[in-house]
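S.K.: The lines below spell out each chain.
There are 2 protein chains.
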Amino acid sequence: MLDVILAGTGGMMPLPNRFLTSLFVEIEGRAILIDCGEGTQVALKRVDCKLSRIKMLLITHFHADHISGLPGLLLSLGNAGKTDSLIIAGPRGLRRIVESLTVICPGLPFALDIRELDTREPSSFDWTDGENHANTPHFTITSLPMRHRIPCLGYFLELKRPPVFNPEKAKNLDIPLKFYRVLHSGTSVTLDDGRVITTEMVTDGSRKPVKISYCTDSAPFASIADFAYESDLFVCEGMYADDAMRDSMEDKRHMLFSDAARLAKQANVKELWLTHFSPAEINPKAGLQSVRRIFENTVIPTDGYHKELIKQGG
Amino acid sequence: MLDVILAGTGGMMPLPNRFLTSLFVEIEGRAILIDCGEGTQVALKRVDCKLSRIKMLLITHFHADHISGLPGLLLSLGNAGKTDSLIIAGPRGLRRIVESLTVICPGLPFALDIRELDTREPSSFDWTDGENHANTPHFTITSLPMRHRIPCLGYFLELKRPPVFNPEKAKNLDIPLKFYRVLHSGTSVTLDDGRVITTEMVTDGSRKPVKISYCTDSAPFASIADFAYESDLFVCEGMYADDAMRDSMEDKRHMLFSDAARLAKQANVKELWLTHFSPAEINPKAGLQSVRRIFENTVIPTDGYHKELIKQGG
Chain A
1 MLDVILAGTG GMMPLPNRFL TSLFVEIEGR AILIDCGEGT QVALKRVDCK
51 LSRIKMLLIT HFHADHISGL PGLLLSLGNA GKTDSLIIAG PRGLRRIVES
101 LTVICPGLPF ALDIRELDTR EPSSFDWTDG ENHANTPHFT ITSLPMRHRI
151 PCLGYFLELK RPPVFNPEKA KNLDIPLKFY RVLHSGTSVT LDDGRVITTE
201 MVTDGSRKPV KISYCTDSAP FASIADFAYE SDLFVCEGMY ADDAMRDSME
251 DKRHMLFSDA ARLAKQANVK ELWLTHFSPA EINPKAGLQS VRRIFENTVI
301 PTDGYHKELI KQGG
Chain B
1 MLDVILAGTG GMMPLPNRFL TSLFVEIEGR AILIDCGEGT QVALKRVDCK
51 LSRIKMLLIT HFHADHISGL PGLLLSLGNA GKTDSLIIAG PRGLRRIVES
101 LTVICPGLPF ALDIRELDTR EPSSFDWTDG ENHANTPHFT ITSLPMRHRI
151 PCLGYFLELK RPPVFNPEKA KNLDIPLKFY RVLHSGTSVT LDDGRVITTE
201 MVTDGSRKPV KISYCTDSAP FASIADFAYE SDLFVCEGMY ADDAMRDSME
251 DKRHMLFSDA ARLAKQANVK ELWLTHFSPA EINPKAGLQS VRRIFENTVI
301 PTDGYHKELI KQGG
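These protein sequence lines map, in sequence, to chains A and B. So the first sequence is residues 1 to 314, counted in my numbering. So the second sequence is residues 1 to 314, counted in my numbering.
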């Protein structure tokens, strides 16, 4: 099961009825959180996301609405009993920012594994949690420098999907049933007759990874569509529905709903979720019809909107 | 009008249904805020407290639940158009903490006037905003070192009340009506016949100051009652209603409801508001009957509880 929850949908400042934008991506009891503004820990609790499952935090940039919730989140992780280290990845300069903000939460009961990412060129790293066997979720995380007022990264998460066990193939190889479970889990076995059976012999080959793209804050530019190409889910900022805000958005290096929809179309993604609405955008859903003329499968979510990208057992 | 709003009532961490403890004290369009944890700016907006009126922020101590909302508050003050300086007072070390936290909000459009207060001895300072004439609110703010795990200050706010204009006295002195308004505002006048009339000649003398005491986080000790003596309002922490939590509270240097109530009784205050409830204290109001046996005029507030300590025109 791969569950994706958009805990908040706001930009700039938290509001009584709108938390700041952050995305919780959970698979097999492990979660990646992208961004953590003031109140994100509350937004997560409100929709029952288990803080203790967060293994990695990705920070897009150091504007307060994307990182000011860090000290509170770290303290709450400690209170929730976390002792294994937390990866925090973000733009160059991250270590200094984290050290500054955590001056009010000394003595955390877990280590911070801080990873500063390139802010001039795209970069990638692989991540898995614990034992690296076939059933452990395995992500490739790519960062792309955005075009914002300060260094900022978009993130593209690809979840590798283990090949599907095919009992027909196992049967054709006369493999006793008692070995199915081990083979299913991705481990080779030696049969009683001495034959070595590898996973590849009893599976249907690799499946296309599940891809989640997350881009905020940025002016629109073509590479976003390249990197988000054929995403299963594209979470993208849209500050305003009204195209009359074009000049202001260009100045501030942000996007309109229509910018995000055009990128979604170019990228041929399956689904677009708009987020990071301006506090002045009182009713973002009013822009839905217009934006769907550009890209049909657009969602204008409210806080806590979620979707199972892979169903239970899938 | 002196309005006091307890924006949040929680301790330790913000919850979906409970903001962190902070107190908004407003008079004549000027406000003092005490403490600012994660989400306090939202708690204030939710109950319609105007952020732009905040002239001074008092910080009790540097645990995250009392200060982590600072960067977000400062940015929102800037967005609300603030340009005059903001006083931030708190324990020694405040400057370093503020500088650390504001690494994510550089370039604020107003200055921070940081005042580090003594953490070993009580201290006092006077505060008024703008012109120091009779109708400008004038506070004396006293800080008392609390007994917590880190240096922490309790705050005692005394609002001086200007003497009341007495039209009978003015009439007896044959002062023409046209001078009443100026005399009422606290300014002396020279009559057409040459006599100089001072405010003292037409007022009823000084009134007792209004006193608000705010004590969290601390183990209970007698000096709190001395400093809070005869407060109009005593806002005091109470983490748990259940006296069985005594040992834990002594370890952590916090109070039970009953501790706060005993202090309120010793201090002979008019009214006690409990606050800073533990996240594990799901229904603080269940403790009301029991705590009122110790101090009758106890309130167990929910977020946004407020009272006009001086009515409009008072």
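If you're looking for bench data, these hints aren't it; they were derived computationally from the structure. The structure presented is a predicted model; accordingly, all values stated were derived computationally and were not measured. Keep in mind that a hint or two might mislead.
No copy is singled out in the list; a pair is fine if it fits within one copy or between any two copies.
Stated by the list, open to error - List of simulated lysine to any residue pairs, SDA-like, C-alpha gap at most 20 Å:
1) Lys307 - Val98
2) Lys45 - Pro16
3) Lys45 - Ile282
4) Lys82 - Pro279
5) Lys45 - Asp303
6) Lys82 - Val189
7) Lys265 - Asp84
8) Lys171 - Ile141
9) Lys252 - Gly78
10) Lys45 - Leu15
11) Lys252 - Leu108
12) Lys82 - Pro145
13) Lys82 - Lys160
14) Lys50 - Pro16
15) Lys45 - Pro279
16) Lys45 - Asn17
17) Lys311 - Arg46
S.K.: If a hint holds in the structure, say so; if it doesn't, say that too.
M.R.: We went through each hint and held it up to the structure:
1. Taking the closest pair of Cα atoms, Lys307 and Val98 never come within 20 Å of each other, the shortest separation being 31 Å inside a single copy and 40 Å across copies.
2. Taking the shortest alpha-carbon separations for Lys45 and Pro16, both the intra-copy value of 16 Å and the inter-copy value of 7 Å come in at or below 20 Å.
3. When the C-alpha separation of Lys45 and Ile282 is checked against a cutoff of 20 Å, the pair qualifies only between copies, where the shortest distance is 15 Å, while the shortest distance within a copy is 24 Å.
4. In the homo-oligomer, the alpha carbons of Lys82 and Pro279 lie at most 20 Å apart only across protomers (18 Å), although the nearest pairing inside one protomer, at 34 Å, exceeds that limit.
5. Proximity of Lys45 and Asp303 under a CA criterion of 20 Å is satisfied in both settings, with 12 Å inside one chain copy and 18 Å between copies.
6. Within a single copy, Lys82 and Val189 get their C-alpha atoms no closer than 36 Å, and across copies no closer than 70 Å, so neither meets the 20 Å cut-off.
7. Taking CA atoms no more than 20 Å apart as the test, Lys265 paired with Asp84 passes in neither setting, with 40 Å inside one copy and 47 Å between copies.
8. For the identical chains of this complex, Lys171 and Ile141 are neighbours neither inside a copy (37 Å) nor across copies (83 Å), given an alpha-carbon limit of 20 Å.
9. Proximity of Lys252 to Gly78 under the C-alpha cut-off of 20 Å is restricted to the inter-copy arrangement: shortest distance 16 Å between copies versus 37 Å within a copy.
10. Taking the shortest Cα distances, Lys45 and Leu15 sit within 20 Å of each other both inside one copy (17 Å) and across copies (8 Å).
11. Proximity of Lys252 and Leu108 under a CA criterion of 20 Å is satisfied inter-copy only: 17 Å between copies versus 36 Å inside one chain copy.
12. In this homomeric assembly, Lys82 and Pro145 never come within 20 Å of each other (Cα to Cα): the closest approach is 31 Å inside a single copy and 33 Å across copies.
13. In this assembly of identical chains, the alpha carbons of Lys82 and Lys160 never lie at most 20 Å apart, being 26 Å within a copy and 50 Å across copies at closest.
14. Proximity of Lys50 to Pro16 under the C-alpha cut-off of 20 Å is restricted to the inter-copy arrangement: shortest distance 14 Å between copies versus 22 Å within a copy.
15. In this assembly of identical chains, the alpha carbons of Lys45 and Pro279 lie at most 20 Å apart only when taken from different copies (13 Å versus 22 Å within one copy).
16. When the C-alpha separation of Lys45 and Asn17 is checked against a cutoff of 20 Å, the pair qualifies both within a copy, at 15 Å, and between copies, at 10 Å.
17. For the identical chains of this complex, Lys311 and Arg46 are neighbours neither inside a copy (22 Å) nor across copies (38 Å), given an alpha-carbon limit of 20 Å.
The structure fails to meet hints 1, 6, 7, 8, 12, 13 and 17 from the earlier list, while all remaining hints are met.
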